[in-house]
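Q: One-letter residues, chain by chain:
Number of protein chains: 2
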Amino acid sequence: VTDTPARFANRGMSLEQDINETNKHYNATGKAVIHKKPTPVQIVNVDYPKRSAAKITEAYFKQPSTTDYNGIYRGKYIDFEAKETKNKTSFPFGNIHPHQVDHMKQVLHHGGVSFFIIRFSIVDETYLYDASHFIWWYTEQTQRKSIPKQHIEENGHRLAIKYAPRVDFLDIVDHVYYS
Amino acid sequence: VTDTPARFANRGMSLEQDINETNKHYNATGKAVIHKKPTPVQIVNVDYPKRSAAKITEAYFKQPSTTDYNGIYRGKYIDFEAKETKNKTSFPFGNIHPHQVDHMKQVLHHGGVSFFIIRFSIVDETYLYDASHFIWWYTEQTQRKSIPKQHIEENGHRLAIKYAPRVDFLDIVDHVYYS
Ligand SMILES: [Mg+2]
Ligand SMILES: [Mg+2]
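First to last, the protein sequences are chains A and B. Numbering-wise (full-length UniProt numbering), the first sequence opens with residue 19 and increments by one. Numbering-wise (full-length UniProt numbering), the second sequence opens with residue 19 and increments by one.
Hint data in this document are derived by calculation from the structure and do not stem from the laboratory. Please note: incorrect hints may appear among the correct ones.
[Claimed, not checked] Derived DSS-like pairs (lysine-lysine); straight-line CA-CA distance at most 25 Å:
{"no.": "1", "chain 1": "B", "residue 1": "K104", "chain 2": "B", "residue 2": "K49"}
{"no.": "2", "chain 1": "A", "residue 1": "K73", "chain 2": "B", "residue 2": "K54"}
{"no.": "3", "chain 1": "B", "residue 1": "K42", "chain 2": "A", "residue 2": "K54"}
{"no.": "4", "chain 1": "A", "residue 1": "K123", "chain 2": "B", "residue 2": "K123"}
{"no.": "5", "chain 1": "A", "residue 1": "K55", "chain 2": "B", "residue 2": "K68"}
{"no.": "6", "chain 1": "A", "residue 1": "K68", "chain 2": "B", "residue 2": "K80"}
{"no.": "7", "chain 1": "B", "residue 1": "K73", "chain 2": "A", "residue 2": "K54"}
{"no.": "8", "chain 1": "B", "residue 1": "K49", "chain 2": "A", "residue 2": "K55"}
{"no.": "9", "chain 1": "A", "residue 1": "K167", "chain 2": "A", "residue 2": "K106"}
{"no.": "10", "chain 1": "B", "residue 1": "K106", "chain 2": "B", "residue 2": "K55"}
{"no.": "11", "chain 1": "B", "residue 1": "K55", "chain 2": "A", "residue 2": "K73"}
{"no.": "12", "chain 1": "B", "residue 1": "K80", "chain 2": "B", "residue 2": "K123"}
{"no.": "13", "chain 1": "B", "residue 1": "K123", "chain 2": "A", "residue 2": "K80"}
{"no.": "14", "chain 1": "A", "residue 1": "K49", "chain 2": "B", "residue 2": "K55"}
{"no.": "15", "chain 1": "A", "residue 1": "K54", "chain 2": "B", "residue 2": "K123"}
{"no.": "16", "chain 1": "A", "residue 1": "K54", "chain 2": "A", "residue 2": "K80"}
{"no.": "17", "chain 1": "A", "residue 1": "K106", "chain 2": "A", "residue 2": "K55"}
{"no.": "18", "chain 1": "B", "residue 1": "K163", "chain 2": "B", "residue 2": "K106"}
{"no.": "19", "chain 1": "B", "residue 1": "K42", "chain 2": "B", "residue 2": "K180"}
{"no.": "20", "chain 1": "A", "residue 1": "K55", "chain 2": "B", "residue 2": "K55"}
{"no.": "21", "chain 1": "A", "residue 1": "K42", "chain 2": "B", "residue 2": "K80"}
{"no.": "22", "chain 1": "A", "residue 1": "K42", "chain 2": "B", "residue 2": "K106"}
{"no.": "23", "chain 1": "B", "residue 1": "K123", "chain 2": "B", "residue 2": "K73"}
{"no.": "24", "chain 1": "B", "residue 1": "K54", "chain 2": "A", "residue 2": "K80"}
[Said to hold, decoys possible] Listed next, the stretches of chain A that the computed footprint assigns to chain B, with coverage defined by at least 3 CB atoms under 8 Å from CB atoms of chain B:
{"no.": "25", "segment": "70–78"}
{"no.": "26", "segment": "83–90"}
{"no.": "27", "segment": "138–150"}
{"no.": "28", "segment": "161–167"}
Using N, Cα and C, we set each Cβ at its ideal position, and we do this for glycine too.
Start from the sequences, fold in the hints, and give me the full structure.
A: Set out below in structure tokens:
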């Protein structure tokens, strides 16, 4: 549970905001239906004051068992995780949990589209990176606990940052998964 | 926000538990990947005590903008809402929000599978009821704020309660959406 405070602290970070804005745009224009899942919380105590909203007074962060985002696009199930890193040369496995990786494997197995959106925040570069590449690095080698940025540059797809939608990842998804 | 305390109170109810067990079974056997979304919560304050887990000390329930469950089955996006009612003769619209209904419309529009699982708890009958029927009652008539149980009996599909999986709704989904 040690990474969950960080997870909460991350909530205001710009990649997530960019993607949320982008999904709002997609949902509003009828292009796709994609939502961020709520942060999983274990609720322990709730007060029910008269005449006002129920107040949660004790709760704890839980480890997510799936990824950040899922939904439907062009008839396909779409599922992805967004991660920002300050690392300049590699994408560390850091707070990616084995059950999240299992989840991605299962999504691929069932014919869904599964990927990461990775932002290297120091250089402000954002990539779409297919889950199958990630899974290889995570499970098929034991030498390193990260993926070289160069591999992501070569095998991922750079996302341009625009005004609206902010990160038009479906434009890339069209090329990668529907052509 | 007035229905959210009830929503929290409902968390221990048996339909949701039955479906969660069923999804665990589906996930474990590789049949489908379906998860319940976490209850959406607006976090206002978090304490970070030394040497122990971050504690949320103030938070509020938010209205869900989507449905309870989604995932992938046989390559299709699947999305549904589970509701229990104590009403004996009809299924009241009660705490179903317009944006949840919009969400279901959009899922259908994009080619996804969308339905309700409705339990009439007094008589202990559980039905799978396609979202298109629900949407008709919710948006195309103004006479009533509920759906007659008889319509659900005739146009829905009764779900048997078994040992494992508890409510084998994919068995019905096979017949209704894949044949
Ligand atoms: Mg993330
Ligand atoms: Mg429900």
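Q: What hint numbers does the structure not satisfy?
A: 1, 4, 5, 10, 13, 17, 22, 23, 27, 28
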